[in-house]
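From first to last, the protein sequence lines are chains A and B.
Take the first sequence: its letter number 68 is residue 68 in my numbering, and every next letter is one higher.
For my numbering, add 500 to where a residue sits in the second sequence, where the first one is 1.
Keep in mind that the hints were calculated from the coordinates and are not lab data.
Think of the CB as a built atom: it goes at the ideal place given N, C-alpha and C, for glycine as much as any other residue.
Treat each hint with caution, since some may be false.
[Stated by the list, open to error] Only some residues are given here: those of chain B computed to face chain A with a beta carbon under 8 Å:
#: 1; residue: R565
#: 2; residue: Y736
#: 3; residue: L951
#: 4; residue: G953
Number of protein chains: 2
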Amino acid sequence: MEQSLHVYNSMTGKKELFEPLTAGFIGMYVCGPTVYSDVHLGNCRTFVNFDTLYRYLLHLGYKVRYVRNITDVGHLVGDVDTGAEDKMAKKARLEQLEPMEVAQKYTVGFHDMMRLFNTKSPSIEPRATGHILEQIEMVQDIIDNGYGYVKNGSVYFNTRKLVEEGKGYGDLSGRKIEDLLSETRSDLKNQSEKEHPSDFAIWIKADENHLMRWNSPWSVGFPGWHLECSAMSTKYLGKHFDIHGGGNDLKFPHHENEIAQNIGACSCAPAKYWLHTNMLLMNGKKMSKSDGNSITPTELITGDSHHISKGFHPMVIRFFMIQSHYRSTLDLTDEALLAAEKGFKRLMDANRALNGLQSTTESGALDADIRDTIQAAFAEMNDDFNTPKALARLFEIVPKINSLKEGKIKMDQVGAAALADLKACFHAFIFDIFGLEDQAESGSSTGAKALGGVMDLVIDIRKQARADKDWATSDKIRDSLKEAGVQIKDSKEGAEWELI
Amino acid sequence: MEQSLHVYNSMTGKKELFEPLTAGFIGMYVCGPTVYSDVHLGNCRTFVNFDTLYRYLLHLGYKVRYVRNITDVGHLVGDVDTGAEDKMAKKARLEQLEPMEVAQKYTVGFHDMMRLFNTKSPSIEPRATGHILEQIEMVQDIIDNGYGYVKNGSVYFNTRKLVEEGKGYGDLSGRKIEDLLSETRSDLKNQSEKEHPSDFAIWIKADENHLMRWNSPWSVGFPGWHLECSAMSTKYLGKHFDIHGGGNDLKFPHHENEIAQNIGACSCAPAKYWLHTNMLLMNGKKMSKSDGNSITPTELITGDSHHISKGFHPMVIRFFMIQSHYRSTLDLTDEALLAAEKGFKRLMDANRALNGLQSTTESGALDADIRDTIQAAFAEMNDDFNTPKALARLFEIVPKINSLKEGKIKMDQVGAAALADLKACFHAFIFDIFGLEDQAESGSSTGAKALGGVMDLVIDIRKQARADKDWATSDKIRDSLKEAGVQIKDSKEGAEWELI
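I would like the entire structure built from these sequences, with the hints used as guidance.
See below:
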């Protein structure tokens, strides 16, 4: 690949040439789910987007260590994180469960959903509770370096010191410490322990009835929820690594505080490039459960929601997500999903048709055109992972593929090498990079496989019936198939079928 | 359920009445896989057996907290665990991977395999690396209680003290400390640090190049591999809980050392009942990779092994495992698997036939017989989870079900209530307790669902062809279906089909 990858760095607000810290290797950390409830669709979008990025980096030949954490402790309710009740422990008490039992239930559910969306497992999936020792050591380092102070068994990060030293607290989110001051007027419990309103807890003394608790030098307590990502990214990727990703909503306070912690403990910001996915909207508005303007991933798949006319296959949903750039808002509407379903099918049909084409010549008139389009598709990906534009390039070739299949363009227009390149390009984009699966081919159950053979038989019988002018049988076949969920289409090449 | 559950307790060598420590609740800990390589088939047997036990306890109405750990650090090579190289770190160095990357790869693979075998996720699946703090605290407790001593940064458990106090080191495995003395003549590194040969490491100082390492009061090191189970079972189930399970091969040294650690740290043995699964043999001999007498779970499913004539569906393999009692050796042979395949199909066919039966009477002559057999099947399960005998009871009813279906026994022989009980019993055993899935019904893909409708059409066309004496069409249908993997069977009720 001659082209160079450029990525938009949220830290600088610019597209920058991507240059890994160690040639050939990439360390990438993405903030994972909090496992105290079912994963949200917006989170799914973030993880599918980063899965696509990860797949593209692998496609480029990088050895990527992709770390995505599981937050199974310490994610606190409220705009500021101090003193608010720990969500995990709250749910556990309500359900009369051990917190780790809740975490296990939703971790399994999360993995199931990620599997439906065909995301690759990250290289490492560290758990917050699995790194308490590392977090305690990081708190100690922060205190030792003068950036943390202890109040009644809890430990707070001193943001004012960072600002006074010109080390930029607020740079990523573009907030000024004066604004932060005025924003945090809440009278939450323990608020008074802070020396400055924008300070945040890095170790929290547990209430007597708090279920998740560990011994530490300061109190029996639990880590502040920003701390885990600093501790785990440092452990598995080092003090300074290539890419840190997450949803837009994590910029502040989470990522800002992560940076503060890393500077406090390791004297440097964790990542070279910060990448953030944008929001998922529904019908043009922010999803909100309380307003009724929301849908779960499961509802979207089953169709069990009044917001959509039918259920959508996870691959259609993934295609829908890829149709939008990761830095753009993605508006989920029934119309857009139905359109994505058609687009997905059109792409898959074209790919199958492409694979059926046989070249008859060494070179052809269309070769240069095909090569330009392939080159352009990769150029779009190299421009900050522009999946919608890369997809558009593939769709530019689809009419040609269909014309070749139908004989409207003769096969002597496409040389063998160009055809092979085109097949490889479609395969790489559809399966390796976009992470899609062909529903018509992926039915892995024995039943789905048998269907192909049985349909060959049915199409044969129908052909014979039509040749015999036995319209009764021919009609019966069409109607029964429709009832079974199979549609027959006639073309020059003979009849074809598809699942409705 | 009037009957009482009895379980064989490895600690006492007797079948005992099962009485949970807290009425209605059960805490169960099972030693899970070490994730530095693909899961062995023998381990799969253990986990499927305990999954079946777990399912039966749930069926009895207990609220079960089932903890099965993931050993992602500290499992050491060799007969004794001191000084031998840490398997995880070794593999990681060979593959040039971060140890947790290896652990993640094989954890994902293990979960995939457990899903194929339709095992339920445990309630909690704690990782050894996720509980270093708890393990360090347990080592400290053991030292404080006088059962541990420090040598050059490593910490050892003092087994002699336990024996001298009459606290029974060796009780579970039936070994005497004098035997242990003569067994451990190896000149392994650090062996000399032990005060007594049967002592074992609970914290090990890491070599300079050892990848997995944590700070501790004694050294930068890692926990001895027996320690994790003591620390995690205590954390999630308390100092004393109901059931501790594992493979037979773990009795010594692993479980013996676990008991020692718990006595040392908590002054009591961890579990009331110890349950151990027996070995999986192949062709009558112990599986051994070096002898070529071994097969992986994947090979067993794909058929990619010269030891078997074909691949077997995971549900057939699960059925095969259930056909044997968990305390018996299970001999894997091609003949036994082929027989299991037939048996599984016969059971599933019978269950589908049973569900199709409609009662025509309030009570019938067979009712008492049916009720006795149901009762007997549960009695077998209550006799130390005797799955093969319970299965045999179900098979006693199968000929009756088939006769009822074929009209050889009239439906007025079975009352509505008895029929409902029988349907419920079959459903409970097959799906809830044995954890089997009906292949013919479980094809969840759209393609598999469409096949049913299309096959109705094909059977209709075949019927018409036969009525018209159009043997050419009729034969063509039979042959094409066979090629597609579908077999047609004619019965009094009309033609039926099944996937070959």
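Cross-check of the supplied hints:
no.	hint	verdict
1	R565	7 Å, holds
2	Y736	6 Å, holds
3	L951	5 Å, holds
4	G953	2 Å, holds
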